[in-house]
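As given, the protein sequences belong to chains B and Z, one line each in that order.
Per the working numbering, the first sequence runs over residues 73 to 432.
Per the working numbering, the second sequence runs over residues 9 to 332.
Do not rely on the hints blindly, as some may be mistaken.
The calculated label-pair distances, taken between Cβ atoms and stated as ranges, are [what the hints assert, rightly or not]:
1. Z:Y42 - B:T317: 22 to 32 Å
2. B:D195 - Z:S238: 53 to 63 Å
3. Z:F99 - B:T345: 35 to 45 Å
4. B:T317 - Z:F99: 29 to 39 Å
Within a straight-line C-alpha distance of at most 27 Å, the following computed BS3-like cross-link-like pairs (lysine-lysine) qualify [what the hints assert, rightly or not]:
5. B:K220 - Z:K315
6. Z:K59 - B:K222
7. Z:K59 - B:K291
These aren't lab readings, by the way, just hints derived from the structure by calculation.
Cβ atoms here follow ideal geometry from the backbone N, Cα and C, with glycine treated the same way.
Chain by chain, the residues run as shown.
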Amino acid sequence: MITTTPDSKEVAQAPINLAFTSEQKIAALREMLRIRRFEQQALKFYNQGKMGGFLHLYIGQESVAVAAASLMNGHDEMITAYRDHGHALAVGMSMEECMAELFGKATGCSKGKGGSMHFFAPDKHYWGGHGIVAGQVPLGLGLAFALKYKQIPGCALCFLGDGAVNQGVVAESLNLASLWDLPIVFIIENNGYSMGTSLERSSAIDNCLAERAAGFNMKWSVVNGSHFYELRATLHTSMEEARTTLRPVLLEIKTYRYYGHSIADANHKKYRTAEEIEQYKENHDPISCWQHQLLEEKILTESMLESIDGAAKEEAAASVIFAEASPWPEPESIFTDIYYEVDQASEAGRTGVHFFSDSR
Amino acid sequence: MPLITYRKALNEAFSEELTRDDSVFLMGEEVAEYNGAYKVTEGLWERFGSKRVIDTPISEAAFLGLGVGAAMMGLRPVVELMFWSFAYVGFDQIINNAGCVRYMSGGLINVPMVIRGPANGGTSVGATHSHTPENLIANTPGLKVVCPATPYDAKGLMIASIRDNDTVCFMENTLLYGNTGEVPEGSYTIPLGVADIKRLGTDISFIAYGRAVLTALEAAEILQAEHGISAEVIDLRSIRPLDEETLLTSVAKTHRVLLIDENKPFCGVSAQIAAMIAEKAFDELDAPILRVTALDAPAIYSMPLEKLQLPTPERIISKALTLF
Numbered sequence: 073m074i075t076t077t078p079d080s081k082e083v084a085q086a087p088i089n090l091a092f093t094s095e096q097k098i099a100a101l102r103e104m105l106r107i108r109r110f111e112q113q114a115l116k117f118y119n120q121g122k123m124g125g126f127l128h129l130y131i132g133q134e135s136v137a138v139a140a141a142s143l144m145n146g147h148d149e150m151i152t153a154y155r156d157h158g159h160a161l162a163v164g165m166s167m168e169e170c171m172a173e174l175f176g177k178a179t180g181c182s183k184g185k186g187g188s189m190h191f192f193a194p195d196k197h198y199w200g201g202h203g204i205v206a207g208q209v210p211l212g213l214g215l216a217f218a219l220k221y222k223q224i225p226g227c228a229l230c231f232l233g234d235g236a237v238n239q240g241v242v243a244e245s246l247n248l249a250s251l252w253d254l255p256i257v258f259i260i261e262n263n264g265y266s267m268g269t270s271l272e273r274s275s276a277i278d279n280c281l282a283e284r285a286a287g288f289n290m291k292w293s294v295v296n297g298s299h300f301y302e303l304r305a306t307l308h309t310s311m312e313e314a315r316t317t318l319r320p321v322l323l324e325i326k327t328y329r330y331y332g333h334s335i336a337d338a339n340h341k342k343y344r345t346a347e348e349i350e351q352y353k354e355n356h357d358p359i360s361c362w363q364h365q366l367l368e369e370k371i372l373t374e375s376m377l378e379s380i381d382g383a384a385k386e387e388a389a390a391s392v393i394f395a396e397a398s399p400w401p402e403p404e405s406i407f408t409d410i411y412y413e414v415d416q417a418s419e420a421g422r423t424g425v426h427f428f429s430d431s432r
Numbered sequence: 009m010p011l012i013t014y015r016k017a018l019n020e021a022f023s024e025e026l027t028r029d030d031s032v033f034l035m036g037e038e039v040a041e042y043n044g045a046y047k048v049t050e051g052l053w054e055r056f057g058s059k060r061v062i063d064t065p066i067s068e069a070a071f072l073g074l075g076v077g078a079a080m081m082g083l084r085p086v087v088e089l090m091f092w093s094f095a096y097v098g099f100d101q102i103i104n105n106a107g108c109v110r111y112m113s114g115g116l117i118n119v120p121m122v123i124r125g126p127a128n129g130g131t132s133v134g135a136t137h138s139h140t141p142e143n144l145i146a147n148t149p150g151l152k153v154v155c156p157a158t159p160y161d162a163k164g165l166m167i168a169s170i171r172d173n174d175t176v177c178f179m180e181n182t183l184l185y186g187n188t189g190e191v192p193e194g195s196y197t198i199p200l201g202v203a204d205i206k207r208l209g210t211d212i213s214f215i216a217y218g219r220a221v222l223t224a225l226e227a228a229e230i231l232q233a234e235h236g237i238s239a240e241v242i243d244l245r246s247i248r249p250l251d252e253e254t255l256l257t258s259v260a261k262t263h264r265v266l267l268i269d270e271n272k273p274f275c276g277v278s279a280q281i282a283a284m285i286a287e288k289a290f291d292e293l294d295a296p297i298l299r300v301t302a303l304d305a306p307a308i309y310s311m312p313l314e315k316l317q318l319p320t321p322e323r324i325i326s327k328a329l330t331l332f
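Kindly produce the complete structure, drawing on both the sequences and the hints.
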């Protein structure tokens, strides 16, 4: 478990946090609340059978995606795994398109073809949303490689979970990033459990996961995910390091999820105690911590908080209405968005048979 | 027209595209300073430098995935697998990422990448280095598969594949790299999804791709000389997209079909094409659709036995004769 320490004066006084305006601080709170309210609505309707597949909730971890998104410079690129709703909303995707995707509707961000684990918005520098554990990590390398190749002054933010670190491709990717000087920040969101297996039962470590970076000659750091200023200060330093020196950095962010691995994870109160969950909610909840901070700074008042939260709840409820009212995708759409050339009806797309079903 | 090797034809294709388009780069194990394990990329690192021709560590999953990520961002990676057999340690990146990301993003993303290298048996390197995954890859909608048999086709198909905006899995053959053929200088493309009739005939259609085309041509000559049977030899060139029309036209002319490939028979490419012909041209057939494929066992090491494992002219001829 993470320890409780208030935001130290030092991180709050970091230049990147001094430059963080009151409006931006409130906006960060708003984003975290929007993510939480969105997912609570999603949970409600998932439990009513309105959605297929899995629903991996980000509740408890909201500060991480919001802090990272608040530091993106317009050239930075983000990619994550399947617990991707928070990142999607944080980069500016709308609740409507995200909720509609969960409902499998044509108005969804992936037209109902991707589902919960596969949200994308390349126009917002957001490259998914990937379902296979660690499968996105080398894609993140590719984003960083392309930035460097095109001499774009940005970095890639590549999120992964604590369960992903034991996939072979992560070791390969850390090596390549360091070997080739790629501008990438690997961000392990360590919520303590890879599905039902605790960190202790899955990873051979001495002190932390991040120190594995040392074996690849890479800088690393461990951050308390409940402390927004600390998150921003460390993320900023790491992103600047990647952008300016083209050296990769590995961060491990200590965080926690309140729900199971997915909502289908019926055992999530068996592999950890109810007290552990309550303790986190009480003492480490990233939204409560940030609210408390902003109340102390007198930037936020209780009535403002009520109004921000109320608006987030309304927006989330409206996104459900939008999703429910939206049409299902047409059966014909099964055969689109497979080959670019076919979709464009280019010469290449019109040459030869691309699909082999009788029903087409 | 200059007579050059299959290897050199591919090299020329890379050279043309590296010159034409700054977003094209080559990447793989030993492709740069070593000049390529099979010398396909010889001289390109010296000419184009380390930014465009890149040696990788032995990390197929990472550099295949890196290629996908870079392609999503608009670059055009040409990623070499020293053997296509090594794709198996990076399959997640090929199938789940290159193959599915366009669909799962509702068409927001495309992956203009070429994954290439030799995919063949017949060289006594044992089962793990002798895989022919064209059927496995072609089973994934979203990926394209190309298997050229001649130097001319190799160059034109490679240029078309690099310019294609989808991922093309380009399967070469170490036994063909040294073969020579007439190849035009400069740039030209051969569209994916267009088969080539390598030999006109009237009595039976031999449908093949890759090195099996050459075996089929050899068999066709013997069949003509010794049995007076005129075989038409069709080279698929591309497995997906597939030129069904050329196949069906040939079947309608000859009324007999023998499928020849170095893939394994079970759920192999020939199985798919046999099903397609049965569905679409059953009434044209005067005989059952038969196949000559690799013998259905892992690739054996022992030299004389491995020769028997792949289709031979003798096996083709004896199978063809049963159809008359």
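Okay, the hints, checked on the actual structure:
1. Z:Y42 - B:T317: 22 to 32 Å: 29 Å, holds
2. B:D195 - Z:S238: 53 to 63 Å: 58 Å, holds
3. Z:F99 - B:T345: 35 to 45 Å: 39 Å, holds
4. B:T317 - Z:F99: 29 to 39 Å: Hint holds: Cβ distance 34 Å, inside 29 to 39 Å.
5. B:K220 - Z:K315: Violated, at roughly 48 Å.
6. Z:K59 - B:K222: Distance of about 11 Å is within 27 Å: holds.
7. Z:K59 - B:K291: Distance ~25 Å between K59 (chain Z) and K291 (chain B) Cα, so the pair holds.
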